[in-house]
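Make the full structure from the sequences, and use the hints.
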Amino acid sequence: MISIVGLDKDYLIGSVTVHALRGVSLEIRAGEFVSIMGSSGSGKSTLMNILGCLDRPTNGTYELDGVRVDQMTDTELAAVRNRKIGFVFQNFNLLAQLTAQRNVELPMIYAGANPAQRKQASIEALSRVGLMDRAHHRPTQLSGGQNQRVAIARALVNNPAIILADEPTGNLDTRSGEEIMAIFQELNRSGVTIVLVTHEPDIVRHTQRILHFRDGVLIREEGVDDPVDARDYLASLPGGEANEA
Amino acid sequence: MSLLESVRLALEGIMASKLRSFLTTLGIVIGIAAVITVVAIGQGGRQLLIGEMENLGTNLFAVYVDWRETDTTGTEFQVRDVAVIKELVPEVQHLAPLSSAMDQIRGSTKQMNAQVIGTTADLGPVRNLKLADGRFLKPEDDAGGRRVAVIEEDFAREIFGRQEPLGQKIIIRNTPFLVVGVLTSETSMFSFGTGKTVYVPHRAWSEVFNSRQVNQLEGTAVSRELVPEAMQKTVTILERRHGAPDRYTSVSLDQQMEVAKRITGIMTLVVGAVAGISLFVGGIGVMNIMLVSVTERVREIGVRMAVGARRKDILAQFLIESVVLCLIGGAIGMMLGIGGAFLVAKIANWPPLVAPSTVIIAVLFSALVGVLSGLWPANKAAQLDPIEALRRE
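Going down the list, the sequences are from chains U and F.
Quick note on my numbering: the first sequence kicks off at 1 and runs consecutively.
Quick note on my numbering: the second sequence kicks off at 246 and runs consecutively.
Calculated from the structure, these hints are not laboratory results.
Among these hints, one or two may not hold up.
A short list of chain F residues far from chain U (calculated; beta carbon distances all over 10 Å) [what the hints assert, rightly or not]:
(1) A377
(2) D491
(3) P601
Below, simulated DSSO-like cross-link-like pairs (lysine-lysine); rule was C-alpha separation at most 30 Å, straight line [what the hints assert, rightly or not]:
(4) F:K441 / F:K478
(5) U:K119 / U:K84
(6) U:K119 / F:K263
(7) F:K441 / F:K375
(8) F:K557 / U:K119
(9) U:K84 / F:K625
(10) F:K441 / F:K383
(11) F:K355 / F:K383
(12) F:K355 / F:K414
(13) F:K557 / U:K84
(14) F:K383 / F:K414
(15) F:K263 / F:K625
The beta-carbon is built from N, C-alpha and C at its ideal position, and this holds for glycine as well.
The following block contains the structure:
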């Protein structure tokens, strides 16, 4: 699904060149749930931007879903983001003036889908995250966890090859965070490839493989033998079993 | 992305901050309303002016002594000239000599100053004078040296009070004149004289004022097309008879109408341009707000780019938003402008002239203002780096 070889990313800040990524090579297979872990300045955000086709590497190759994307133009990258990548951000990044459903439709608008297709797909996506009944609410009328679920529905709506989640639980309380992880695990079980960036050790235990970064270098890969099932964790929390999700 | 979808996006953007959108549009509203109203007033005024001139008769012309060339002697015209010209120039339909003097006129109740014009029967049709009662001067009046007068209604009321003016006598220089006709006192922006005018036969005028002077000739051509020829031939004959080339000058109402049209056209253009400046200022207002809007919505732009908006989609979104904003302003301004034009027309009592071309130009212009004032902000939005944009709070 993702194949990266010898990736470098340099930034020029003033007259100083910063090597944000150095010689990173990695593989992510279809259907995997992988997390990228590292402290601030480890290069994980830079990697995320490149994985998400928001940025191009200085050197190295990046193949996504069988296509080389490292030398694409802005317009080509926009099309790749639209069709193959679903973003989930820490701060949700929903458009405040739009209803949940319109927010979910957004990627389809840029894909050129007609209103009927958009409506059907957005309702489908919202029901996958359990928010059918909130379709006409605006972000301000929803809780943080609900907003993040809308954002996941938006990431899903164009059936992307991969979902990139950047600290998706960072702004949420423990319960809401676990609910989001439960959704990710559910999606993963149904075949969706997910890459999650975080610095929270509890969260990475939900994924199957952890890539540790430090100073722009992939220092260690770690398989998770028995990933934590968020459903079990939610059931163990005071207040009972998982609600809504 | 379809245009319809882009317009929907733009409307969502506009509705997201209604008050600001309204205030932004206000500049365009006022600009378009001002342009439409001003141009409509200009065109209405021009229509009124030309209409009044046409009422006078477009075949009208006059011959004067060119006062720039020589000192007037008072003998440039002779009454005989008129008969000769009328005989020799078939293009001339009517021609009347005019001699004029201010003097005291005494009626039955009052005496007052008035302009006394000595002329012939031809002046009636030439000036398109309308009778309220009685008759105008006849050729026989002049031939017989009759002391008759035609006066205007308002003037008659002043010197005769409530008495019926027909059959009364007025005294000019101790000579009694019989009032045979009363003219309607029409209010026109081109009414000759002041309303206090007395028309008497030319021969009687010469005798009373003891003068053979003729100030000018006024006449009409048989048709509008023949006016220049009639004028030219009249002047040529006068020059030959008096052996004085370059001494006479002629002017036709047609020529003056052209001048009037040109002047009103220029005035409309100038005032319209001033109103256009307010539209320009409105456009700058739109640009300003669009720039603020882009700055405020950097994150939104980042999100749109992340989910697959191309740079040209972002460009189109803000450009269309600006155009839609200006078109809404243009539409409101158009309605206000048309309303304003009708209001002014009603107050000033002249035709409300809102030409369809003005409206079309106004709408196209507001769209153009939208494009021009949206171009820079939209381009700024489209050039944003998605990573930077997403990071912005």
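Comparing the hints with the structure gives:
1. Every CB of chain U lies more than 10 Å from the CB of A377 of chain F, the least distance being 73 Å, so the non-interface label holds.
2. Consistency note on D491 of chain F: stated as away from chain U, and its beta-carbon is indeed over 10 Å from all of that chain's, at 77 Å minimum.
3. Distance to chain U confirms P601 of chain F as a non-interface residue, since its nearest Cβ pair spans about 36 Å, more than 10 Å.
4. As the CA atoms of K441 of chain F and K478 of chain F are separated by approximately 33 Å, the hinted pair breaks the 30 Å bound.
5. For the given pair, K119 of chain U sits about 20 Å from K84 of chain U by alpha-carbon distance, which is consistent with the 30 Å threshold.
6. Straight-line distance between C-alpha atoms of K119 of chain U and K263 of chain F comes to about 27 Å, which keeps the hinted pair within the 30 Å bound.
7. For a cut-off of 30 Å, the pair hint linking K441 of chain F to K375 of chain F stands: about 15 Å separates their Cα positions.
8. Our distance criterion of 30 Å between C-alpha atoms is met by K557 of chain F and K119 of chain U, whose separation comes to about 25 Å.
9. With a C-alpha separation of about 27 Å, the suggested pairing of K84 of chain U with K625 of chain F holds against the 30 Å cut-off.
10. For the proposed pair K441 of chain F and K383 of chain F, the alpha carbon gap of about 21 Å is at most 30 Å, so the pair holds.
11. Of the pairs offered as hints, the one joining K355 of chain F and K383 of chain F holds, with about 28 Å between alpha carbons and a cut-off of 30 Å not exceeded.
12. Taking the CA atoms of K355 of chain F and K414 of chain F, the gap is near 12 Å; set against the 30 Å cutoff, the hint holds.
13. Taking the CA atoms of K557 of chain F and K84 of chain U, the gap is near 20 Å; set against the 30 Å cutoff, the hint holds.
14. Distance check on the hinted pair: K383 of chain F and K414 of chain F sit about 18 Å apart at the alpha-carbon level, within 30 Å; holds.
15. Under the criterion of a C-alpha separation no larger than 30 Å, the hint pairing K263 of chain F with K625 of chain F is consistent with the structure, at around 23 Å.
The structure is inconsistent with hint 4 alone, although it conforms to all the rest.
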